[in-house]
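Given chain A's structure and the hints, the job is docking chain B onto it.
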Amino acid sequence: KNQVEQSPQSLIILEGKNCTLQCNYTVSPFSNLRWYKQDTGRGPVSLTIMTFSENTKSNGRYTATLDADTKQSSLHITASQLSDSASYICVVRGGSQGNLIFGKGTKLSVKP
Amino acid sequence: DSGVTQTPKHLITATGQRVTLRCSPRSGDLSVYWYQQSLDQGLQFLIQYYNGEERAKGNILERFSAQQFPDLHSELNLSSLELGDSALYFCASSFRDSLNYGYTFGSGTRLTVV
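Taken in order, these protein sequences are the chains called A and B. First residue of the first sequence: 1, per my numbering; consecutive thereafter. First residue of the second sequence: 1001, per my numbering; consecutive thereafter.
Calculated from the structure, these hints are not laboratory results. Backbone N, C-alpha and C define an ideal beta-carbon position, used for all residues, glycine too. Be careful, since some hints might not be right.
[Said to hold, decoys possible] Cβ-to-Cβ under 10 Å is the rule here; a few derived chain A residues that face chain B:
#1 Tyr36
#2 Ser46
#3 Leu82
[As the list claims (entries may be wrong)] Lysine-lysine pairs mimicking DSSO-like chemistry, simulated, CA-CA at most 27 Å apart:
#4 A:Lys107 / B:Lys1009
#5 A:Lys107 / A:Lys71
#6 A:Lys107 / A:Lys57
#7 A:Lys104 / A:Lys71
#8 A:Lys17 / A:Lys104
#9 A:Lys104 / B:Lys1009
#10 A:Lys107 / A:Lys1
#11 A:Lys1 / B:Lys1009
#12 A:Lys57 / A:Lys17
#13 B:Lys1057 / B:Lys1009
#14 A:Lys1 / A:Lys111
#15 B:Lys1057 / A:Lys104
[Said to hold, decoys possible] To spell it out: a stretch of chain B is covered by chain A in this simulated footprint if at least three of its residues, at any positions, have a beta carbon under 8 Å from a beta carbon of chain A; those stretches are:
#16 1038 to 1047
#17 1104 to 1114
Here chain A stands alone, though its shape is the one from the complex (with noise of 0.2 Å):
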C-alpha cells in the first residue's frame, strides 16, 4: 500500500534552533517527493520538489534530503523564526497511477 508517513507528529523548539523532520514513505513507483508549509486554515506552500535524482535541495533556511534507496527524506529547519510555527506535509507522487499522496504533517512550534 503506497504509504506516507511524517515523524514526530508534532514538536516544539525555540527561536534560534535547528531542527530536522523525517518522511518515510512506500509509494512505488516514485516520481517526485514535495515539502509544504502550511500555516494555520491557510493553503499549503511549496517549499521544495525533488526528483529521484536530487539528493538536496535548499529554498532559504529549509533544506531537503532525499533518499531514493531507503525511501526517506527530511526537512532541515536552520534557525528557526517564530513564523516558521506552522504544518509542514511531506507529499509523495508515484503509484501505479501518479496519484499525490499525503502525509499527515508534522506540526511545528517555535517559542520565543
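Leaving out everything else, chain B in the frame of chain A:
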C-alpha cells in the same frame, strides 16, 4: 496572495443541506484540484478537472460533485450534508495536466455542518 481564489472563506450550514464552494484558478492555469482536510487529518484528494473535463477522481463521496466551467472556474457541490463533512476544502490549480509540475493552493473554505 497565491492567485487561486476560493469563496466563501467560511460557511456554516445545517445537516441535510446543500452547499456550493467556488474556486477560481490562477490566471493561465487549466487544471483544478479539490481536496478535503478534516481536523488533524492529511489532505485527501477529491477530484481533478482539466480544461473543463474530469481527469481524476479520488475519495469523493457520491453526495459530492464538481464541475469546471468554460471560464475555468470550478465549483464543488456538497449535498445531504453530514456532521462529518465539516472540514477545510482546498482548491489547487496548475497549468498542465501533469502532477510533475508544481501547483498552487488557495486559502480554502472552512465548512462547518451543525
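Comparing the hints with the structure gives:
1. Residue-level restraint check for Tyr36 (chain A) holds (minimum Cβ-Cβ distance to chain B is 8 Å; threshold 10 Å).
2. Because the smallest distance between the Cβ of Ser46 (chain A) and any Cβ of chain B comes to about 5 Å, under 10 Å, the interface hint for this residue holds.
3. This hint is violated: Leu82 (chain A) has a C-beta 21 Å from the nearest C-beta of chain B, more than the 10 Å allowed.
4. Distance check on the hinted pair: Lys107 (chain A) and Lys1009 (chain B) sit about 23 Å apart at the alpha-carbon level, within 27 Å; holds.
5. About 22 Å separates the Cα atoms of Lys107 (chain A) and Lys71 (chain A), which keeps this hinted pair within 27 Å; it holds.
6. Between Lys107 (chain A) and Lys57 (chain A) the CA atoms are separated by roughly 21 Å; this keeps the pair inside 27 Å, and the hint holds.
7. Between Lys104 (chain A) and Lys71 (chain A), the direct Cα distance comes to roughly 17 Å. Compliance with the 27 Å bound is thereby established for this hinted pair.
8. With a CA separation close to 24 Å, the supplied pair Lys17 (chain A) and Lys104 (chain A) stays within the 27 Å bound.
9. Annotation: proposed proximity of Lys104 (chain A) to Lys1009 (chain B) holds, straight-line Cα distance about 23 Å (limit 27 Å).
10. Only pairs whose Cα atoms come within 27 Å are accepted, and Lys107 (chain A) paired with Lys1 (chain A) is accepted, the gap being roughly 25 Å.
11. A C-alpha spacing of about 35 Å is found between Lys1 (chain A) and Lys1009 (chain B), which places the hinted pair above 27 Å, so the restraint is violated.
12. As the CA atoms of Lys57 (chain A) and Lys17 (chain A) are separated by approximately 20 Å, the hinted pair is consistent with the 27 Å bound.
13. The straight-line distance between the Cα atoms of Lys1057 (chain B) and Lys1009 (chain B) is roughly 24 Å, inside the 27 Å bound, and the hint therefore holds.
14. Proposed proximity of Lys1 (chain A) and Lys111 (chain A) is contradicted: the alpha carbons are some 37 Å apart, above 27 Å.
15. Between Lys1057 (chain B) and Lys104 (chain A) the alpha-carbon distance is near 20 Å, which keeps this suggested pair within the 27 Å criterion.
16. Figure legend: the stretch 1038 to 1047 of chain B, annotated as covered by chain A; annotation consistent (6 residues with Cβ-Cβ distances under 8 Å, at least 3 required).
17. Requiring three or more residues with a Cβ within less than 8 Å of a Cβ of chain A, the coverage given for the stretch 1104 to 1114 of chain B holds, as 6 such residues are present.
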